[in-house]
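Could you build all of it, start to finish, from the sequences and the hints given here?
Line by line, the protein sequences give chains A and B. Following my numbering, the residues of the first sequence are numbered contiguously, the last one being 653. Following my numbering, the residues of the second sequence are numbered contiguously, the last one being 653.
Derived from the structure by calculation, the hints contain no laboratory data. Careful: at least some of the hints might be erroneous.
[Unchecked claim] Only pairs whose alpha carbons sit at most 20 angstroms apart, straight line, appear in this in silico EDC-like list of lysine to aspartate or glutamate:
hint	chain 1	residue 1	chain 2	residue 2
1	B	419	B	408
2	A	9	A	209
3	A	95	A	62
4	A	27	A	269
5	B	474	B	519
6	B	82	A	462
7	A	82	B	209
8	B	157	B	127
9	B	457	B	393
10	A	507	A	462
11	A	82	B	583
12	A	27	B	106
13	A	95	A	57
14	B	384	A	345
15	A	82	B	34
16	A	146	A	127
17	B	220	B	187
18	B	190	B	258
19	B	82	A	144
20	B	135	B	379
21	A	384	B	379
22	A	9	A	144
23	A	474	A	452
24	B	27	A	416
25	A	485	A	416
26	B	82	A	209
27	B	27	B	153
28	A	262	A	218
29	B	190	B	257
[Unchecked claim] Over the 10 angstroms line for every Cβ pair with chain A, so calculated as not near, a few chain B residues:
hint	residue
30	26
31	29
32	34
33	49
34	101
35	106
36	176
37	389
38	540
39	579
40	584
Computed from a prediction, not measured in an experiment: that's the story for all the values here. Glycine included, every Cβ here is placed at the ideal spot set by N, Cα and C.
There are 2 protein chains.
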Amino acid sequence: MKTNYWIWYPGDFELYHAMKQNFSRIERGYGWPAFWKSEGFRNRVVFWREYDLAEETFFRVFSSAVGYVLAGDRKYPFGQTIACGPGKVKISVHAGCIETFPSIYVKGDVVCSDSTWMVEDYANAPVKAGISCRYTDEKQNPAVWEYSEKIYLPVSAEVCEGGLLLEFETELTAVLEIHDSRKGRQLRVYCGESRQEALDREHCYYSWTPDEKTGRCPRCAVRYAFIAEDTGAPAAEAGSGAEAAGSLADEIEVKAIHQYTDIPVRASFVSSDELLNRIWSVAEHTFRLCSGIFFIDGIKRDKWIWGGDAYQSLFVNQYLMADADINRRTLLALRGNDPMTTHINTILDYSLYWILSIKAHYEAYGDLAFVEQVFPKMVSLMAFCEEQLEEHGFITGRPGDWVFIDWADLDKEGPLCAEQMLFAQCYKTMAVLGGQLGRDLRLCEGYRRKGEILEKRIHAFYWNEEKGAYIDSFVSGKNHVTRHANIFAVLFDIADEGQKRQIVEHVLHNDEIPPITTPYFKFYEMDALCRMGYLEEVLERIKEYWGGMLARGAVTFWEEYDPAVSQEEQYDMYGDRFGKSLCHAWSASPIYLLARYFVGLRITDPVRREYELHPHLEFFDSLECVLPVGDREIRISWDGEELRTV
Amino acid sequence: MKTNYWIWYPGDFELYHAMKQNFSRIERGYGWPAFWKSEGFRNRVVFWREYDLAEETFFRVFSSAVGYVLAGDRKYPFGQTIACGPGKVKISVHAGCIETFPSIYVKGDVVCSDSTWMVEDYANAPVKAGISCRYTDEKQNPAVWEYSEKIYLPVSAEVCEGGLLLEFETELTAVLEIHDSRKGRQLRVYCGESRQEALDREHCYYSWTPDEKTGRCPRCAVRYAFIAEDTGAPAAEAGSGAEAAGSLADEIEVKAIHQYTDIPVRASFVSSDELLNRIWSVAEHTFRLCSGIFFIDGIKRDKWIWGGDAYQSLFVNQYLMADADINRRTLLALRGNDPMTTHINTILDYSLYWILSIKAHYEAYGDLAFVEQVFPKMVSLMAFCEEQLEEHGFITGRPGDWVFIDWADLDKEGPLCAEQMLFAQCYKTMAVLGGQLGRDLRLCEGYRRKGEILEKRIHAFYWNEEKGAYIDSFVSGKNHVTRHANIFAVLFDIADEGQKRQIVEHVLHNDEIPPITTPYFKFYEMDALCRMGYLEEVLERIKEYWGGMLARGAVTFWEEYDPAVSQEEQYDMYGDRFGKSLCHAWSASPIYLLARYFVGLRITDPVRREYELHPHLEFFDSLECVLPVGDREIRISWDGEELRTV
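Following this line, the structure appears as structure tokens:
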């Protein structure tokens, strides 16, 4: 039997849930909705499909919207069984909704809703309806995301500081449910990614009063939970004095209902190197926690959908879960509606990564249908960027735009080199993907030519022969060299082979050039080093950096790690004692690096599912891996003597 | 004490409530949301104001949105008392909301919310916050419109056709509340604007099952209510057989809770002509029913906000209630957001009326602040229209646009004359209002010049000297003359005095030209006749047409009335037995005509509240009138001998 789907205006589902996601940040008692343009879904749409019916058939339309069904020239309310046919008939479903996006479900043997339906919003040409393979039953509500749940009980409990400290086996995104056998008392729950955070009633991010009826707290990141009687005293003064704490352990029962989006892991990595195995495993847990409805940065603090972070998540996803759906949801959510009026997340580079994300998505899954769907928005994003070129044709920020690249001391006077490299790569992407779609040759050729011209200008204005490196800015006269643009020059093949060698020598292997300090950009740096063949160096750095976090007891990988910082201050970031997110998507990059360069799997033709495999067995005594390609799982088995791949 | 207001992004309040209004149409069991682009409110905004505080002061922020208060560099949750000052401080309130528009209320002696706050939506430059004088208390919720209520009990009850037929003293927009002393029985309520409609269980627009707990039915238009036991039989078959009907009269109690927007009537009209007095009075009731949150077309069926209908309501409002607020709400709701992608209500002429509406609003109230607020949207609307000019510079419809003007046999081949006249009047309006705002001289001069060129071309292409009239189309070669363009030529002074006289002779007083059949366009025709001095004729037609409806028992004026149609078919329209709306705003035009031309009040300078008064006393033996001008009420008293005005 055919699957019927809930359908909506394409993108509406993602825009709605993205707003929920981006408005879900809570910090010490106040809400902190993301500080960028938040896009609305449509409120009034009409869905339609034409049928040529061989015989009479019946169907029903389900929707919580206001509206009606027009079958031929008769109108019907939702919920009513409608007969139509035989013959040609156009079925239209008119729907209006204010609080959420209008969606409908048409149930019938022949007349039923799926992505073959068209939808209009009274402002644009008809487009194909949006669907999700997660919404196929009439009893569902696409405005409510359905999490999978798993119950975790505490693995340890400790009476201390006037309350009870509970630890779970790992970090979770959970609803805590507390049953207190002593009635009439008000409890307060303090959650922490670390023991220290949970015990710091004043500075911990999340603290809750359990719901009176259900005993439940809001869903949040939690590894440790500290529970104490709420005496009404200010958090800073509450604490050690409460004598009743000891009895809490006997009187309350706590469980964590971990709520997650079940995206199956399709890869595995078991090598002779135990540390690498643990790094893979913790990276996997980290990444799964950060892969919900969308790729988010981390599960504490922002929980926002960031274009730069998402771009990196695409690469890890490809090798771990190979789930094209979460890519599509994230990319639709990030881009928003036309016309574009501000950059994605307000960040110039994040708009550019969005174009590159479509390329990465295509190269992983050969998903031309999605490229076709978003190509008009790629074109309008490029046009929006082209509105802000300076006299030499370099892209610059407008007032209010955030020219980011990285938390680093970049010379941002005038147009920034790294942005030009991203932009040049965007032009190439437009030409290539436009070509794949069979778009107008002139359009593709135009992008290709603009990309070439931009690359030539980059060479002319930013390549410094004396330094053997690209400089940040040609305006300031400082000839300041950082790693960032030089890493892009390697990754995007903007530098020729000779220049790449110079970059390695003068920049990547030059201790005088300030090191990359964020795992975010370390991702690109390692990628570039791998491309240049420095696998041994990269492996060493993976073990040192990620191994270092494990040595400090990490059960998920952190937003940032500096071995030089004392344990007392290791959770500090952005000037906030517990500001550092301890489960951050971008720190899952070892999965990508190990799979792509060490196991050596690269998809060469995503449409035909063709790939190449060049495992670097010299680093392992044994290796047992599974990696996904399309619908297949590739198995690599090396016992030190024989390599088998299936 | 200063008034504190709820504040929001300007227009959001109106767009939200307009969607509710336009999605509220219910027809025989199904919802019928308006078939045009429905504009979303913003979901993420930041409000801010800078203060220079003489001393420490306290304030609290109320909001149902997600967000926080930033006072100086500290963040606070909503609801908390915040101290700040002395000194300079910037207060920002960040707010995100998905289901409705974000709004906030800042309560404090010094720091408090009003229209001096600015608001940003992360896509456009900061603008002044929107307010409503109806939302000034922190306990209110701007997403909920607060209706005034008045209880009406039935004035008659009649047992018939197996149920109980109740009549109210006039037509209402009411929630019916039914108390049934016999428990366990299901009742069904059939509402009607006419007795016939209420008794027609199959074809009446509104039928309800009272809510089990409250006994209430949804708010709807009702003059007659027929109540019967719901036996589950199809409506067409239910009926006369039920013996229990007789006891219903003893067992149920019914009241109508009339819900209305209380906009005080400031005018009165009492003349020696009883018929005219009754016409005024019924027009007043009609108009008040159709003036709710917005000007709507009628209280049954659409209940939609239409640009053409609203334009006419502005003129009646000016002379009856002189409420500038409902104008502003309606005009903001109609225009929606930029960029403009489709015409208002999908109708080309309705976009043009929107420009003319701003002029009418200004000329009634001198409300330059509102003109200032919407001027950018006037400019972008004109630019949107200018995208669709044909080779001669005439405006045409795009595919999907509705070139309406009137339900009449117009020759719509090629650009339509009446549309050009509206467009020319828009150019003049832009020049005049731009000038009032002190806008860029080149901009205003540009509009003036374009208007002149367009008028010249109208003369060249559409004036037919032989016919002494404007023709609909110069493309078809039919030289088809209708009244419409010729009426506009008079109203907008496009025709010169000689041409106007020809138009009267060859068109307005020419029985061979098909008569205007809709009260909608009759409004313009009567206006034109009055301008040309044919007051006696207009008075005769008012008495005949509106008096005719009264003679048929109307308690509100109908969407349309044709004396030639039999009483049996008089409620039929659009091929629907009860399709005609019996309480329709555009039929309240006698108020405008009587006040403007017979009492003779015209505002000459809306900013200074200057007016002229030329009462045509020859039509009355006595006259006692009050008409509003600005905040004043002008009293006109004529006892047949002496005229007194105050």
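Verification of the supplied hints:
1. B:419 to B:408: holds, 13 angstroms
2. A:9 to A:209: violated, 55 angstroms
3. A:95 to A:62: holds, 10 angstroms
4. A:27 to A:269: Given that 20 angstroms is the threshold and the Cα spacing comes to 19 angstroms, the pair holds.
5. B:474 to B:519: Holds: residue 474 of chain B and residue 519 of chain B sit about 12 angstroms apart, inside 20 angstroms.
6. B:82 to A:462: violated, 45 angstroms
7. A:82 to B:209: Cα-Cα ~15 angstroms, so holds.
8. B:157 to B:127: violated, 40 angstroms
9. B:457 to B:393: Measuring from Cα to Cα gives roughly 11 angstroms; hence the hint holds.
10. A:507 to A:462: holds, 15 angstroms
11. A:82 to B:583: holds, 14 angstroms
12. A:27 to B:106: holds, 10 angstroms
13. A:95 to A:57: holds, 7 angstroms
14. B:384 to A:345: holds, 19 angstroms
15. A:82 to B:34: holds, 10 angstroms
16. A:146 to A:127: Violated - the C-alpha atoms of residue 127 of chain A and residue 146 of chain A are around 25 angstroms apart, more than 20 angstroms.
17. B:220 to B:187: OK: residue 220 of chain B and residue 187 of chain B at ~11 angstroms, within 20 angstroms.
18. B:190 to B:258: Distance of about 10 angstroms is within 20 angstroms: holds.
19. B:82 to A:144: violated, 43 angstroms
20. B:135 to B:379: The given pair, whose Cα atoms are some 11 angstroms apart, holds under the 20 angstroms limit.
21. A:384 to B:379: violated, 34 angstroms
22. A:9 to A:144: Cα-Cα ~12 angstroms, so holds.
23. A:474 to A:452: violated, 34 angstroms
24. B:27 to A:416: violated, 51 angstroms
25. A:485 to A:416: Distance ~13 angstroms between residue 485 of chain A and residue 416 of chain A Cα, so the pair holds.
26. B:82 to A:209: At roughly 15 angstroms apart (the allowed maximum being 20 angstroms), residue 209 of chain A and residue 82 of chain B satisfy the hint.
27. B:27 to B:153: holds, 14 angstroms
28. A:262 to A:218: Holds. Residue 262 of chain A to residue 218 of chain A sits at ~14 angstroms (cutoff 20 angstroms).
29. B:190 to B:257: Holds, because 14 angstroms separates the two Cα atoms, which is no more than 20 angstroms.
30. 26: violated, 5 angstroms
31. 29: violated, 8 angstroms
32. 34: violated, 8 angstroms
33. 49: For residue 49 of chain B, whose nearest Cβ neighbour in chain A is about 7 angstroms away, the distance does not exceed 10 angstroms, so it is violated.
34. 101: For residue 101 of chain B, whose nearest Cβ neighbour in chain A is about 6 angstroms away, the distance does not exceed 10 angstroms, so it is violated.
35. 106: Answer for residue 106 of chain B: violated, closest chain A Cβ roughly 4 angstroms.
36. 176: holds, 32 angstroms
37. 389: The claim holds: residue 389 of chain B sits with its nearest Cβ about 19 angstroms from chain A, beyond 10 angstroms.
38. 540: Fine: 44 angstroms to the nearest Cβ keeps residue 540 of chain B off the interface.
39. 579: The assertion about residue 579 of chain B holds, with a minimum of 18 angstroms to chain A.
40. 584: Residue 584 of chain B is indeed farther than 10 angstroms from all Cβ atoms of chain A, at 15 angstroms.
When the structure is compared with the earlier hints, violations turn up for hints 2, 6, 8, 16, 19, 21, 23, 24, 30, 31, 32, 33, 34 and 35 and for no others.
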